[in-house]
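J.: Chain residues, written in single-letter form:
Number of protein chains: 2
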Amino acid sequence: MPTVEIVATGSELLTGRYVNTNAVELSRKLSAHGFSVVRHQTLGDNLRRLAEAVRQALAGADIVITTGGLGPTLDDVTRSALSEATGIPLRLDDEAAAQLHERFRSLGRQMAANNLVQAEVPERGGWFPNPHGTAPGLYFDLGKQLVFALPGPPRELHPMFQEYALPLLLERFPPEGKQLSRVLRLVGLGESDIDAICRPILQPAPELTYSILARPGLVDVTLSRWVALEAQCDSRLDEIFQCLQDKLRALFYAMDDRPLEAVVGELLRSQGKTLATAESCTGGLLSQSITSIPGSSDYFLGGFITYSNLLKEKLLGVAPELLERHGAVSPQVARAMADGARKRAEADYALAITGIAGPGGGTPEKPVGLVYVALADSEGAQAEEWHFFGAREAIRERSRVAALNQLRLRLVKQN
Amino acid sequence: MPTVEIVATGSELLTGRYVNTNAVELSRKLSAHGFSVVRHQTLGDNLRRLAEAVRQALAGADIVITTGGLGPTLDDVTRSALSEATGIPLRLDDEAAAQLHERFRSLGRQMAANNLVQAEVPERGGWFPNPHGTAPGLYFDLGKQLVFALPGPPRELHPMFQEYALPLLLERFPPEGKQLSRVLRLVGLGESDIDAICRPILQPAPELTYSILARPGLVDVTLSRWVALEAQCDSRLDEIFQCLQDKLRALFYAMDDRPLEAVVGELLRSQGKTLATAESCTGGLLSQSITSIPGSSDYFLGGFITYSNLLKEKLLGVAPELLERHGAVSPQVARAMADGARKRAEADYALAITGIAGPGGGTPEKPVGLVYVALADSEGAQAEEWHFFGAREAIRERSRVAALNQLRLRLVKQN
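Chains as they are written, first to last, in our numbering: chain A, 4 to 418; chain B, 4 to 418.
Next up, chain A with everything else stripped away, as it sits in the complex (with noise of 0.2 Å):
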């Protein structure tokens, strides 16, 4: 299987601030098209560390990708160090001048002469036309190697990579394998009960990659194994696959990459019911995350944000006495926002969420932490009390996340 290594290239993914999110999709894609990638690095804009971390990837890997650092300005050292790793000098090529000044010319700029470096390619490979930007990407030819250069923005780095590099690289290393994996997505159970429930199912079957992998609420287990090209499917694999899938029933919502949101969507499409959703702590995650899905506007009515206790009464109905009585965090006032919400957005069902999402608002009886999920249909509502830990994102994303697995489950039993 030939191998990858991607080099991303900029000061700024050093310090911490930003996150190189170029070499994970990449990733995605090289490795769903049978390449093993078996290396990132992350570099500043340092011409001589550049050079040598090519050189490095390409004592181990078939194919070098680095990303960013095309510019036309000094810190733009990618040309460069490319050249120089691989040996390869650079020319100045008359129809990539032309496109760019041909870019300068329809955006009404002057092109400055520092800019015409973005038309200089390798002597040995080519270059690809950038239609979302002015750096071309350019490939240096070593014969049974090859070094790419492509844009760091991801507007221009993911359609030129689709459309110019891939398809190259298959011709050039016509995969012979690919991995396999199947996927299982879970919540309501932590990492390490269900990493205890899967271990002893894959002891005898060393031959698979197992891997879990945990978000707030929500854990993947990805089962792998490397197969022919034209498998389709591994009787081993599936084995293994289908005990884990029956003894983690009621823990599974997906087996692909629809997030848990989705998957409630296409329950509510599939049963012609609508949503509706009150949130005091979450203040507005949990109706974002629905409607972060195109097409929610077929079950998705409408949702309340009442973080204050007026417009708890005001706009829910919840009564004045039961907040009185129990607080704005108890499974009565979660219930009568369920309620509420049901019955004022005319929906079938309705999710309210209301704890103490912190850091501040925490006593003795209310810690931080504490938050009620309450269901509400027809029928009236039902309230699940939780005790989430961490930090206020960390405690509003698990609420939304167990308010969804809350509905998807009474979903799952009427089908």
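Please keep in mind that the hints were generated in silico from the structure rather than gathered at the bench. Some hints here could point you the wrong way.
For identical chains, the list gives no copy identity; a pair is met inside one copy or between any two copies.
Claimed, not checked - Lysine-lysine pairs mimicking DSBU-like chemistry, simulated, CA-CA at most 30 Å apart:
| # | residue 1 | residue 2 |
| --- | --- | --- |
| 1 | K276 | K416 |
| 2 | K276 | K317 |
| 3 | K147 | K416 |
| 4 | K369 | K276 |
| 5 | K181 | K32 |
| 6 | K346 | K369 |
| 7 | K346 | K250 |
| 8 | K181 | K250 |
| 9 | K369 | K32 |
| 10 | K416 | K346 |
This structure is a prediction, so every number in the text was calculated from the model and none was measured.
Model the placement of chain B on the given structure of chain A, informed by the hints.
T.: Just chain B now, with coordinates in the frame of chain A:
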């Protein structure tokens, strides 16, 4: 300045399914303490490749920090790889073994024999206890260089880094200088326009490091310079930064890490004003960002997610004729939504967003990306029309930013 390489291990990080946030967070802390992070590497769980990567890292950095791969299983290869790369053998440590036994005992779990590898520590160097997990952290001491093996899960990694690794680093590599940075966080103009404004100002100061980075609707401009450890300011840096500030005055909302929603929140708080929201296409994205700020209940009263026309009428009192004549995505309806939200929530200000986030729902007259943002106060409501490009999430995010900025500009005028 001491140089650091961060090496993350974990095969799942190379598949494109997960982002390596550990390196980002460690880089932020290291940079703030005067260390220069020169490279990030991410590798799979492969002993030979990891050992080679650490050897390469030691050729260019004073300090190497690895994260992950310290568990008890076969794919946890970090201990062996570092021993091989540094030439420092491992030995079983009695105290580490005792702590490991104690941890399993306290969890009420039987310790399997393979767990004992987690008590193996370098013969030259030391180890750190791990109160949040089983694997102790390790450091291999090469005299002039240090190699750390820290756990992968963030909740184990960051406390251990803060409590043990960082103090050791500061003792062994007392910092001689630090990077002084100034950031301008800008909203209201695109990256290339802002870049064009900055470049002439920066031209006479090549000794300063300049970087510009865009997120949807927002642009950060950073200027930095290496200075003596005790320096709190640098006259050249401050002079040029002041020029940028003067030139970009209308655009900048912060010079620190505060997000736009925190800046708007502080303006509301300081003026004793309250806010409500009404969202259609953003579905709660605006309100959830406002309420992500601790203490936002001081100024945020609540919000309405009115996805359906019926709820726009019922909850916000938008006149049906208005919806019929102009459509839900119109300046008239945006203004009516803002007015309605303000009155029903009894707030000083209200922001409303209505638009077409796509991918469906666009028409030639009202294409995907058309968004109206309205701001209401006691004197009425004003709407702004926006044409955003990109995918659903980008359009929603830009709408959110535009709404916050519309309110920010109003509040700044009141100051």
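J.: Within a copy, between copies, both or neither: where do K346 and K250 come within 30 Å Cα-Cα?
T.: Neither: 38 Å inside a copy, 53 Å across copies.
J.: State whether the alpha carbon distance between K276 and K416 is at most 30 Å within one copy, between copies, both, or neither.
T.: within (14 Å within a copy, 46 Å between copies)
J.: When Cα atoms must be at most 30 Å apart, do K147 and K416 count as within-copy, between-copy, both, or neither?
T.: For K147 and K416, the Cα distance exceeds 30 Å both inside one copy (57 Å) and across copies (63 Å).
J.: With identical chains, the pair K276 and K317 could be close in the same copy or across copies; at 30 Å between alpha carbons, which is it: within, between, both, or neither?
T.: both (26 Å within a copy, 20 Å between copies)
J.: My question is about K369 and K276: at a cut-off of 30 Å on alpha-carbon distance, are they close within one copy, between copies, both, or neither?
T.: between (34 Å within a copy, 29 Å between copies)
J.: When Cα atoms must be at most 30 Å apart, do K181 and K32 count as within-copy, between-copy, both, or neither?
T.: within (12 Å within a copy, 39 Å between copies)
J.: What label fits K369 with K32 when the C-alpha limit is 30 Å: within, between, both, or neither?
T.: Classified as neither; 47 Å inside a copy, 34 Å across copies.
J.: Should K181 paired with K250 be assigned to within, between, both, or neither, using CA atoms and 30 Å as the limit?
T.: within (28 Å within a copy, 54 Å between copies)
J.: Indicate which option fits the pair K416, K346 if close means a Cα-Cα distance not exceeding 30 Å: within, between, both or neither.
T.: within (23 Å within a copy, 41 Å between copies)
J.: How do K346 and K369 come out at 30 Å by Cα distance, when the copy is not named: within, between, both, or neither?
T.: Within one copy, since 29 Å is at most 30 Å while 32 Å is not.
Of the numbered hints stated above, those contradicted by the structure are hints 3, 7, 9, listed in ascending order.
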